[in-house]
Every structure is written in C-alpha cells, then in structure tokens.
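Novice: Single-letter residue listing:
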Amino acid sequence: MIAKELKEEVYKCIKCGICLTPCPVYNLLRFEGASPRGRVQLIKKILEGKTELSENFQSLLFTCLLCETCTANCPSGLKTDRLMKAMRSEIQERLGTDWQKRMLGNLLRDKRRLPFFLFCERTRENLFSFQEGKSGLPADSELPRPGSKTLRQQVPEVNPVPESKGKVLYFTGCATNYFYPNVGKSVIKVLNRLGMEVILPGGQMCCGLPLMQAGGRKIALKNIRENLKLFNRKDVDAVVVDCAACGAALKKEYALILEEMGEDATPANELAGKVMDISQILARSDLGKSLKPVPGRVTYHDPCHLGRSQGVREEPRNLLRRIPGVELVEMAGADACCGGGAALPWEHPDVASAIGRNKIQSIRETRATVVASGCPWCRRQIGENLGGEQVRVVHPVEILAEALGET
Amino acid sequence: MLSPDVLLKFISIVGPERCKTSREDLLAYSYDAYVNEFLPDAVLLPKTTAEVAEIMKVASAQNVFVTPRGAGSGLGSGSLAKQGGVVLTFSMMNRIVEINTANRYAVVEPGAVIGEFQRAVEKLNLFYPPDPGSANVATMGGSVVMNAGGMRGVKYGVTRDYVLGLEVVLPSGEVMQTGAVTAKDVTGYDLTRLICGSEGTLALVTKVIVRLLPKPKTKRTLQAIYNRLDEAGNTVARIIEAGIIPATLELMDKTIIKSLEDFLHLGLPLDAAAVLLIDVDGEPETVEKQANRVAEFCKSQGARDVRVSQSEKENEQLWVARRAAFGAIARVRPTCIIEDATVPVSLLASAIKKILEVGERNRVQIAVLAHAGDGNLHPFFLCDHRDKEEMARVERAMDELVDYAMSVGGTLSGEHGIGIAKSKYLPRQLSPASLSLMRGIKKTFDPQGILNPGSFLEHRP
Numbered sequence: 283m284i285a286k287e288l289k290e291e292v293y294k295c296i297k298c299g300i301c302l303t304p305c306p307v308y309n310l311l312r313f314e315g316a317s318p319r320g321r322v323q324l325i326k327k328i329l330e331g332k333t334e335l336s337e338n339f340q341s342l343l344f345t346c347l348l349c350e351t352c353t354a355n356c357p358s359g360l361k362t363d364r365l366m367k368a369m370r371s372e373i374q375e376r377l378g379t380d381w382q383k384r385m386l387g388n389l390l391r392d393k394r395r396l397p398f399f400l401f402c403e404r405t406r407e408n409l410f411s412f413q414e415g416k417s418g419l420p421a422d423s424e425l426p427r428p429g430s431k432t433l434r435q436q437v438p439e440v441n442p443v444p445e446s447k448g449k450v451l452y453f454t455g456c457a458t459n460y461f462y463p464n465v466g467k468s469v470i471k472v473l474n475r476l477g478m479e480v481i482l483p484g485g486q487m488c489c490g491l492p493l494m495q496a497g498g499r500k501i502a503l504k505n506i507r508e509n510l511k512l513f514n515r516k517d518v519d520a521v522v523v524d525c526a527a528c529g530a531a532l533k534k535e536y537a538l539i540l541e542e543m544g545e546d547a548t549p550a551n552e553l554a555g556k557v558m559d560i561s562q563i564l565a566r567s568d569l570g571k572s573l574k575p576v577p578g579r580v581t582y583h584d585p586c587h588l589g590r591s592q593g594v595r596e597e598p599r600n601l602l603r604r605i606p607g608v609e610l611v612e613m614a615g616a617d618a619c620c621g622g623g624a625a626l627p628w629e630h631p632d633v634a635s636a637i638g639r640n641k642i643q644s645i646r647e648t649r650a651t652v653v654a655s656g657c658p659w660c661r662r663q664i665g666e667n668l669g670g671e672q673v674r675v676v677h678p679v680e681i682l683a684e685a686l687g688e689t
Numbered sequence: 006m007l008s009p010d011v012l013l014k015f016i017s018i019v020g021p022e023r024c025k026t027s028r029e030d031l032l033a034y035s036y037d038a039y040v041n042e043f044l045p046d047a048v049l050l051p052k053t054t055a056e057v058a059e060i061m062k063v064a065s066a067q068n069v070f071v072t073p074r075g076a077g078s079g080l081g082s083g084s085l086a087k088q089g090g091v092v093l094t095f096s097m098m099n100r101i102v103e104i105n106t107a108n109r110y111a112v113v114e115p116g117a118v119i120g121e122f123q124r125a126v127e128k129l130n131l132f133y134p135p136d137p138g139s140a141n142v143a144t145m146g147g148s149v150v151m152n153a154g155g156m157r158g159v160k161y162g163v164t165r166d167y168v169l170g171l172e173v174v175l176p177s178g179e180v181m182q183t184g185a186v187t188a189k190d191v192t193g194y195d196l197t198r199l200i201c202g203s204e205g206t207l208a209l210v211t212k213v214i215v216r217l218l219p220k221p222k223t224k225r226t227l228q229a230i231y232n233r234l235d236e237a238g239n240t241v242a243r244i245i246e247a248g249i250i251p252a253t254l255e256l257m258d259k260t261i262i263k264s265l266e267d268f269l270h271l272g273l274p275l276d277a278a279a280v281l282l283i284d285v286d287g288e289p290e291t292v293e294k295q296a297n298r299v300a301e302f303c304k305s306q307g308a309r310d311v312r313v314s315q316s317e318k319e320n321e322q323l324w325v326a327r328r329a330a331f332g333a334i335a336r337v338r339p340t341c342i343i344e345d346a347t348v349p350v351s352l353l354a355s356a357i358k359k360i361l362e363v364g365e366r367n368r369v370q371i372a373v374l375a376h377a378g379d380g381n382l383h384p385f386f387l388c389d390h391r392d393k394e395e396m397a398r399v400e401r402a403m404d405e406l407v408d409y410a411m412s413v414g415g416t417l418s419g420e421h422g423i424g425i426a427k428s429k430y431l432p433r434q435l436s437p438a439s440l441s442l443m444r445g446i447k448k449t450f451d452p453q454g455i456l457n458p459g460s461f462l463e464h465r466p
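Here the protein sequences line up with chains G and R, keeping their order. Going by the working numbering, the first sequence opens with residue 283, and the numbers climb by one from there. Going by the working numbering, the second sequence opens with residue 6, and the numbers climb by one from there.
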C-alpha cells in the first residue's frame with residue numbers, strides 16, 4: 283500500500299515541465315512517458331483507478347535511474363523519487379515478482395548465495411545470467427575468482443590501533459566486499475593511520491538498496507532489521523561507508539521506507555545520525571604532511587546517491603585536492619547520472635549505455651587519466667563504457683591510501 | 006477513433022516506435038500546464054520535415070485531426086487534442102541546424118528547447134533575447150506559434166521581433182518557406198508574423214530562422230525590496246516614465262517570494278510585501294551607472310533596501326528562482342491558474358490593487374507576479390481544481406479581471422495565448438469583423454479544419 287501522504291503528492295505536480303530537460307532518460311528517449319512528469323501523471327491515474335498497472339506502465343516506471351534529479355529540480359517540492367519507489371513496491375505486492383527480481387531477492391537477502399552465484403558467473407557458463415551479454419555485474423576481470431577471498435575473509439573483524447583516538451564500525455557493502463576489496467583495505471588503512479579502530483561487524487548483510495529499488499521493500503525488511511541490530515550502537519563514534527548507495531540506504535532510505543511502511547523508524551533515525559561517507563570523515567581529519575605524491579590528472583564524478591541523496595559534494599573533491607600530485611579537473615555535468623543507477627543497465631541496457639556515453643564524453647573532454655567516484659555502480663558503469671581507454675576508475679580513498687604509502 | 010488503416014499508414018511513415026497508441030502513452034500526452042486534460046487517439050513523433058509532410062498528406066486525405074505539440078508547457082490547452090485525433094510532437098526534431106555568426110542568425114528545429122538554444126548562441130557571444138519563464142522547458146517551435154513574450158520583453162520585445170523566417174508544413178502536406186535570413190524583407194504578405202502567434206492553427210512549423218544580437222558584455226541583477234506592494238507597482242511605472250529601460254523588470258509579491266524561498270533557500274526577504282527583480286545589461290560602464298541610478302530611483306520610491314548581486318552566479322540563482330515561480334507556487338495550493346491580462350504600464354499599481362480587490366471579493370487566494378516593465382500581469386489564482394465550488398469563484402474572479410483589463414484598454418492575453426482558457430472572452434476584444442477575417446484566414450490555410458481543432462477561434466463554451 284502506498285502511504286496516504288505520498289498519494290497526495292501527485293496533486294503537487296502542476297505540470298510545469300521543469301523536470302523534463304534535466305532528466306537523463308527523457309533527454310535520451312524524448313517521449314513524455316519516459317519523463318518524470320509523465321510517470322507522475324500515470325501514477326496519479328492509477329491511484330485514481332483510471333488506468334491499470336499494465337506491462338507498459340511497468341516498463342516505463344522501470345525506465346528510470348532513480349537518480350533523484352527530478353526531485354532536486356521540482357519547484358513544488360514533489361518527492362518524485364519516493365513516489366516512484368513506492369509504486370515499484372506496489373507493483374511487486376500486487377502482481378508478484380518476476381523471476382529475475384525474485385532471484386535478486388534470493389541472492390541479496392542471504393549471506394551465502396551471492397558469493398556462490400558470483401563464482402559461477404566468473405566461470406562464464408552463464409548459468410544464472412540475467413540477460414544475454416549483460417549481467418549488470420562488473421567486468422569479468424573484477425569478478426571474484428573461485429576460491430578467492432572476499433574483503434571480510436581477508437581482514438580481521440577488529441582492526442585495532444595503539445592509542446586509539448576513536449572507534450568506528452565499517453559497513454562494507456556487497457560491492458566492496460566481493461568486487462573491490464582494495465577499496466575496503468584502503469578504508470581500513472586510512473582510518474587506522476588516523477588512529478581509529480575499525481570494526482567490521484560479522485554477519486552484516488546487503489544494505490538492501492537494490493532490493494528496495496526493484497520494489498522488494500518487504501523482503502528488504504529483513505536486511506534493514508538485521509543491519510540496524512548490528513550497526514545502531516551507542517559505543518562507537520561513527521558508522522563508515524565507502525559506497526554511495528549503501529550510505530544513502532543507511533542515512534536516508536531505511537528511515538523513509540520504514541515510515542512509508544508504517545513501521546517504527548526510531549532506530550533507523552538514530553543510525554542515520556552516525557553514518558558518514560568515508561570522504562566526510564576524512565574531511566575533518568588531519569592527514570598529516572607525510573603524503574607522497576600520486577601524480578595524475580583526476581576528474582571526479584558525483585554519484586547520485588552521494589551528491590543528491592546525501593548532499594556530499596565538496597568533501598571528496600577536497601580530499602583529492604589535498605593529495606600532492608593530483609591535478610583535479612572538473613568535468614562538464616559532473617553530477618549528471620552516469621546511467622548505472624537502479625539496475626537500468628540490466629532493465630534497459632541500451633538506454634543505460636547511451637546515457638553512459640554522455641558521461642564518457644565529458645570525461646574525455648577533461649583529458650583526465652583517472653576518474654574518481656565513490657560508488658561501485660558508477661565505477662562499473664563508467665569502466666564498462668570506457669571500454670579499452672587508458673583511463674583508470676577508482677575510489678578517491680584508493681588514491682589517498684596510495685599517497686599514504688606502505689605501512 | 007482512428008481506423009486501423011490510418012494507423013498503419015502513420016506507422017509506415019514514422020515506424021511503430023514513434024507512433025504511440027498505448028493507453029499510458031496517450032495519458033502522458035493528455036495534459037499541458039493548464040488544468041484540462043484531453044486524450045489523443047495517437048501520438049506521432051516525427052524526426053524530419055519530410056515525415057511531417059507525409060503525415061499531413063495522410064491526415065488531410067483521411068480527415069484526421071492533428072494537434073502540434075512542443076514541450077506541453079502551454080497554459081491554455083493549445084497543444085492538446087481537444088477533439089481527439091493525433092498529437093504530433095516535435096520533441097525529436099530538436100537540432101540546432103545552423104548558427105551563422107557572420108550574419109547573426111540561426112536556424113533551429115522546432116523541438117529545440119529555448120534555454121538550450123540560448124546557451125548555445127551565448128557560447129559564440131551572441132544573444133537570443135526572447136526569454137519566457139519556461140525557457141528551460143518550452144521549445145522554439147512552441148514559442149513561435151504562441152509568440153511567447155517573457156522577462157526581457159520590456160527592453161528586447163517578444164518572439165515575433167526575432168523571427169525572420171519559417172519552414173512550415175501546411176495542413177495539405179505541402180512544405181512552404183516564409184521570410185528570409187536577411188534582416189529586411191518586404192516581399193509579399195508577412196506570413197512569418199501571421200503564423201507566429203497563430204497557436205498552431207495555420208501550419209506546422211518545422212524550422213525557425215531567428216535573428217540574433219551581440220551578447221551584452223555585462224549584466225547586473227538588482228533586488229528592490231518593498232514593505233508595500235503598491236509602492237513596488239508605482240516604482241515600475243516611474244522607471245518606465247523616466248526613460249530607464251532595464252533588460253527585465255519583474256515583480257513578485259510575498260506569496261511568490263515565500264514559495265521560492267521554500268524551494269531554493271536563497272535568503273529572499275520573507276518579510277517583504279514585494280520584490281522587484283531588475284536586470285540591467287550592456288557595456289560595463291553604462292551598466293554600473295544604470296544600476297546605481299535604478300537603485301537610487303527605487304529607494305526614492307519607497308524601497309526599503311536594494312541589493313545588487315555581486316557575481317554571475319548570484320544573478321543566475323535569482324533567475325533560476327524566478328523561473329521556478331509557476332511550479333513553486335504549487336507548494337501553496339495544488340492548482341494554479343495564471344491570468345495574463347496586460348495593461349498600459351502606467352496603470353500597473355491600480356491594476357494590482359484591482360486584482361487584490363477581486364480576489365478578496367470572491368474569496369480566491371491570488372499571488373501576484375508580473376513582467377511589470379511591460380504591464381504584463383500574472384496573477385496566480387491559487388485553488389484546487391477538485392473543488393467545484395472554489396473553481397466557480399475562481400472563474401468569477403477571472404471574469405471580473407477581464408472586465409477591468411478591457412475597461413482600461415488592456416489586452417486579454419499578453420503572452421500566454423487564448424487557447425481554450427480565454428476563448429470565451431475573445432469577442433470582448435475582437436470585433437465581429439476581426440473575428441470573421443481571422444476565421445477566413447484559418448479557412449484559407451486549413452479548409453478542412455484538421456489542424457488543432459477546437460482551438461481559440463472555434464471554441465464556444
């Protein structure tokens with residue numbers, strides 16, 4: 283059921299059309315049904331009982347990056363993204379789930395199935411491939427090899443420091459844990475250097491964001507509750523995340539979704555106050571003078587879930603500027619979505635890669651050799667669309683870890 | 006309903022992807038920024054003039070209604086299929102064909118968004134002045150057939166003043182050129198200007214040639230803040246009377262200021278009764294002088310404070326805010342009907358007074374926005390279209406306002422057009438002879454009456 287307050291949102295849309303031009307999907311497809319204004323109209327008609335939850339409607343609803351550009355630009359303050367997320371879950375509840383999303387649900391709400399699936403994927407037997415040629419997963423080389431260890435298998439649960447200046451919990455997220463363990467190691471190294479004890483609570487689950495975006499709010503409840511139990515602790519200084527999407531989930535989505543579902547959001551709100559993106563915690567820290575230069579022309583891409591969702595824009599840039607040797611160059615439209623959001627590369631691969639190409643164009647124009655971005659999904663999307671180009675895609679914290687040198 | 010046979014013909018022209026007939030797609034083309042909704046039978050998205058011509062050949066042969074649409078940001082149902090048929094939307098014909106710096110003109114396709122076009126020419130140090138509030142949404146084609154005005158009207162005029170020529174497709178499917186790329190052209194009747202402002206009833210615009218100006222070297226934005234709305238109104242009349250011509254001269258009352266502040270948090274003065282947003286542009290020395298003169302002038306007319314923006318970014322933010330006014334007002338009430346009556350600028354203050362009176366008498370909440378410099382009022386009637394009784398009061402208030410505008414020599418619509426929103430008032434301003442001549446012109450262009458049926462000339466409430 284869509285919450286009553288959200289239902290009233292549709293009447294805030296005065297059809298001014300300001301959401302059209304900035305919407306990456308509308309800009310590409312250029313028909314009204316693919317625009318935020320069009321989707322709001324359709325949702326209104328469905329809520330009023332004037333049209334059906336047809337397949338075509340579902341397809342239009344899922345031709346969306348959930349990048350929140352429309353929400354940010356809406357003069358009347360309509361929470362377009364909330365409405366679309368709630369509608370996605372309404373579809374799941376009313377019509378059931380198709381096998382692809384059911385499978386995603388099964389993978390992400392269980393602690394053992396995802397690694398198993400990933401290793402099978404690595405063998406390229408396409409046993410579980412969601413879609414011909416496009417699995418929505420990182421490039422083949424980044425998939426874990428059978429027998430290789432995940433981040434949480436590689437590092438201890440507690441990473442203490444002598445003379446601890448603070449204690450943080452580290453929410454690793456699936457992407458860092460399985461695909462990009464170097465990001466995780468960098469986070470631990472940097473925080474340890476700053477004198478912080480880093481704890482990776484065992485048993486942490488997927489943040490649940492991919493499930494919620496696919497409409498599986500109900501099945502994601504288990505993830506939300508489990509993670510709240512592990513991370514909503516009074517005895518730590520902060521909960522650190524390196525993934526923009528996980529950060530948005532922990533800081534914002536948990537509380538909003540619990541509220542929209544009529545559940546108690548108090549623990550989620552408590553947790554939200556403690557969650558910090560790694561760039562935020564580093565912005566307040568003295569990195570010392572011993573950084574060694576990491577020469578390179580770097581451009582920064584704002585992940586939607588970090589910039590628009592969390593309002594974190596300057597911290598990662600400032601972090602990069604503080605690293606000697608880094609020449610930071612702004613790309614045009616740095617905060618425009620790269621096309622990798624809300625499983626669009628999986629739902630509508632052609633649309634996603636066309637939007638990705640615009641981002642690549644902006645990157646090329648900067649002549650940067652490195653793209654930094656604190657979101658694994660952006661990293662995957664940009665990396666894949668860059669193809670064979672000699673541009674590295676990294677997390678800002680990886681550059682910092684490099685600057686800190688060995689030990 | 007369209008016959009399957011006709012649909013097949015359309016599909017053979019644009020392909021199945023660009024001929025939309027699903028219920029969802031039709032619903033998504035059933036609205037514009039006004040309150041009424043009309044469901045089309047099909048939506049066509051052509052990419053070339055040739056496709057548009059083919060579509061019109063089929064439409065005229067089969068007597069199918071066709072209604073052109075740009076971005077659907079209009080305020081009078083002008084781009085809706087009021088009597089069914091096809092909505093032909095230009096969103097995929099959005100290229101800038103040519104920007105000619107040597108002769109200062111540009112050729113654009115109708116679906117190009119005005120704001121994007123403006124930014125493209127400004128990169129080349131050129132300037133396209135027409136600047137409707139919806140410039141970041143509305144299309145060049147839409148602004149031509151509606152003869153859009155906007156915020157720079159006071160100094161630079163309206164769309165009509167910049168259109169040099171057009172490529173159009175007639176209802177018969179014939180392609181025709183009007184005008185020329187030269188600044189001067191008196192060859193024959195001025196069909197360009199006839200089509201400009203025709204509300205999509207005469208022909209489908211498939212290319213627009215506009216003249217460009219050199220970009221003003223510098224610009225300053227001033228905010229003059231008032232404790233009384235009438236003093237702001239008076240200042241406007243005095244500025245114009247004094248022979249000062251700012252690039253823009255916009256008035257916003259406290260309701261508008263509050264909703265914009267809620268949206269963008271720019272630090273607008275929430276305790277003020279009105280703000281005048283004033284741009285001066287030109288050579289740096291003159292701009293400096295003019296800005297000071299305007300500031301002094303506003304203070305002498307009762308402004309409690311005048312803030313001068315310090316950077317291009319600050320200018321930009323203020324104008325982003327101003328452009329958002331229509332949307333932002335939905336924070337107050339879900340429906341906003343904008344009046345567009347325009348009066349001689351010397352009467353601005355009394356017109357505002359009249360608006361407030363009318364609102365009070367009919368118990369309708371009205372927020373006042375105005376392109377004040379050219380007397381173009383935009384009272385926002387704030388309501389909820391689901392409330393029939395309230396809507397009746399809104400209608401009464403509109404009637405009274407029209408009476409007033411007519412009584413002082415004003416016009417029904419300064420820039421939004423008539424559409425179906427104001428067609429019932431048309432005989433108040435146009436004589437029977439004038440109406441009959443207009444209907445004759447329509448018949449000459451469109452003898453079958455297939456283009457934008459149900460629009461302003463035919464609508465009888």
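Calculated from the structure, these hints are not laboratory results. Treat each hint with caution, since some may be false.
[What the hints assert, rightly or not] Now the stretches of chain R that chain G is said to cover, found in silico as 3 or more residues with beta-carbon under 8 Å: (1) 14-28; (2) 409-423.
[Stated by the list, open to error] Within a straight-line C-alpha distance of at most 30 Å, the following computed BS3-like cross-link-like pairs (lysine-lysine) qualify: (3) K189/R to K447/R; (4) K289/G to K189/R; (5) K447/R to K294/G; (6) K534/G to K447/R.
Note that the Cβ used here is the ideal one computed from N, Cα and C, for glycine as well.
Novice: Taking the hints in turn, state whether each one holds.
Specialist: Status of the hints after comparison with the structure:
1. 14-28: Holds, because 3 residues of the region 14-28 of chain R bring their Cβ atoms closer than 8 Å to Cβ atoms of chain G.
2. 409-423: violated (count 0)
3. K189/R to K447/R: holds, 27 Å
4. K289/G to K189/R: violated, 56 Å
5. K447/R to K294/G: Measuring from Cα to Cα gives roughly 38 Å; hence the hint is violated.
6. K534/G to K447/R: With Cα atoms ~57 Å apart, K534/G and K447/R exceed 30 Å; violated.
Hint violations for this structure: numbers 2, 4, 5, 6, all remaining hints satisfied.
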